[in-house]
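> Chain residues, written in single-letter form:
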Amino acid sequence: MVVRAAKEQDIPAIVDMLKRLKRLNQEFDTHFSISKEIEKNATEYLNKNLNDHENKLFLVADNGGKVQAFMEILFRKRIYYSPSQEARIMEFYVMPEYRMLGLGKKMMNELIKELRKKKITLISSEFPSSNMIARNFYEKAEFRQLISIYGKWIDRQN
Amino acid sequence: MDQQERTKMLGDLSVKLARFYKGKINSIPNVPIKKLSDFSVWYTPGIAKVSLDIAANKDESFELTGRWNSVAILTDGTRVLGLGNVGPEAAMPVMEGKALIFNYLGGVNAVPIPIRISSQEEFFKVASALESAFGGFNLEDIESPKCFFLLESLQKALSIPVWHDDQLGTASVILAGLVNSLKIVGKKREDVTIALVGSGAANIATAHLLEAAGFKSGNIIMVDSKGILQPEREDMDQLMLTNPWKYKLAMRTNSQRIKGGIEKAFKGVDAVISASRSDPNFMKQDWIRTMGKDPIVFALANPSPEIWPEKAIEAGAKIVATGRSDFPNQINNSLIFPAVFRGVLDARSKGVNFKVMVTASEEVAAYVENPTADHIVPSMQDLDLFPKVAAAVAYTTVQEKLARKTDSRQGFYRTAKEIIDTNRQRYSKLLDSGMIKGADEIG
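Residue numbers (numbering that gives the first Met the number 0), protein chains in the order written: chain G, 0 to 157; chain E, 0 to 442.
Be aware that a few hints might be false.
Computed from the model, here is a short list of chain E residues facing chain G with C-beta under 7 Å [claimed, not checked]:
#, residue
1, Pro230
2, Met235
3, Asp236
4, Gln237
5, Met250
Here are the simulated DSBU-like pairs of lysine-lysine, each with C-alpha atoms no more than 30 Å apart in a straight line [stated by the list, open to error]:
#, chain 1, residue 1, chain 2, residue 2
6, G, Lys116, G, Lys65
7, G, Lys65, E, Lys225
8, G, Lys39, E, Lys215
9, E, Lys215, G, Lys65
Simulated from the structure, these hints should not be mistaken for lab results. All C-beta atoms in this analysis are idealised placements derived from N, C-alpha and C, irrespective of residue type, glycine included.
Full structure from sequences and hints, please.
Here is the structure:
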């Protein structure tokens, strides 16, 4: 298994994983009900952003051509704080069959190697508060809560 | 009389007799009371010393009280028979019936305890608190996946055997039937492929037991209402959260990663074990026609199997089993649980595990000396089955270091037989003397 930058040919597999990940978020919290257009939107987004190396990094775990996991990282500027750059994991999904095998940890280590090359010293992750699986994963990896986002419906949609 | 009329007739009779007898079991003294002063031994002041002895050594509670032979039948009434969530009060008559079978076939004092609880954690707490009074727990008619949580957590936490009959009893008798079926068709368990149709309590436990008995996980294909379980199915993340037991099986079964609907699961497999929908038109003959050589079909839904046996045979099935007594090969939990509990109680076992269950299944299978397509499992009439299986179970708990009391297999057999026979003789005396009125005498 190798961890490598995602390519265009990986887009269908990544879209499938994004759908699974968002469906899982939907399970946790109805604020994250998935869009009917998720597949189209995800494909368009990936086509547009996959090569935006300045602001984003897309990693996949590839085992003999089979994409087993996917990670999207956003490089954020911190104009008020030091250090001035932060890498934020926006999406992270491991296909069920390959969980509990250390794949997540391996991807995280590869990411950290990449970030060191870029001299980025702060890493964070964004996920729905109610996603206990993500919370457990990151706490185990010694992340701690840095910011909170609160939300409420103004007009409840069905 | 058709099936519907028969069910109504039996239901009406059940209500009439329930109203007359007002409870199917009773507690009667086990010791001689000839004069009132005897109570100074059976009760205070003499009994204080017995109490102190147990306080000094809690395992003495198995020798100085009826704990050794007492089993609690615990339910929250959330999945009673095919009726669904009828609540604990309405579960009581069913639990009484279970207690009757425990007593008649296994000589076990089973106490029905339907409880009103609001969460699985509360059930766990109540059950844990009752441990001190019982030699074993039988969980009964509890909805899935709560039943998996309770069985797993209680088995882990308690020092008495915890059994969930809808899982473990059914799985054990399925394994017994399968062992003899494979003997008949001349196949080895390590080679056969098996589709488990329905992924509820019975088949999830069956998958675990098959693995423990030497069947290959990868050769098992599990099917639920959404089709074949496999890791890439879209609902896997949801399953991981709501039913981790089913999720884990999805990860390690079906090594060929067959995807699709139920009909695909039948293709080429040696056996199908269906515990899914009580509808005789559910399983299609065309599906059976696609199975491997000499297909084995267990259609176990009650009251109606997923396919009538003659239809399955017409489609090529070599061996067919159902849950019903009016067809050959009844896969019936009652062949297992009275004997398993007789065994674990006689050994004062601290638990029950898959090894013990596999032993019970093998013993039930071996009871049928020359299995044929119409005779793969014994029947409840085979009364010597129960002490035999009990002895095998008790002896295995000794080997597994679960037993508080050890004996030889023959010794356990003698104990079990004596308890079962004496219990039945005592009951017969009450019946013969007219102290228990015959049902035919009720007007």
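> State for each hint whether it applies.
Do the hints match the structure? See the list:
no. : hint                 : in the structure
1   : Pro230               : 4 Å, holds
2   : Met235               : 4 Å, holds
3   : Asp236               : 4 Å, holds
4   : Gln237               : 5 Å, holds
5   : Met250               : 6 Å, holds
6   : Lys116/G <-> Lys65/G : 27 Å, holds
7   : Lys65/G <-> Lys225/E : 25 Å, holds
8   : Lys39/G <-> Lys215/E : 41 Å, violated
9   : Lys215/E <-> Lys65/G : 25 Å, holds
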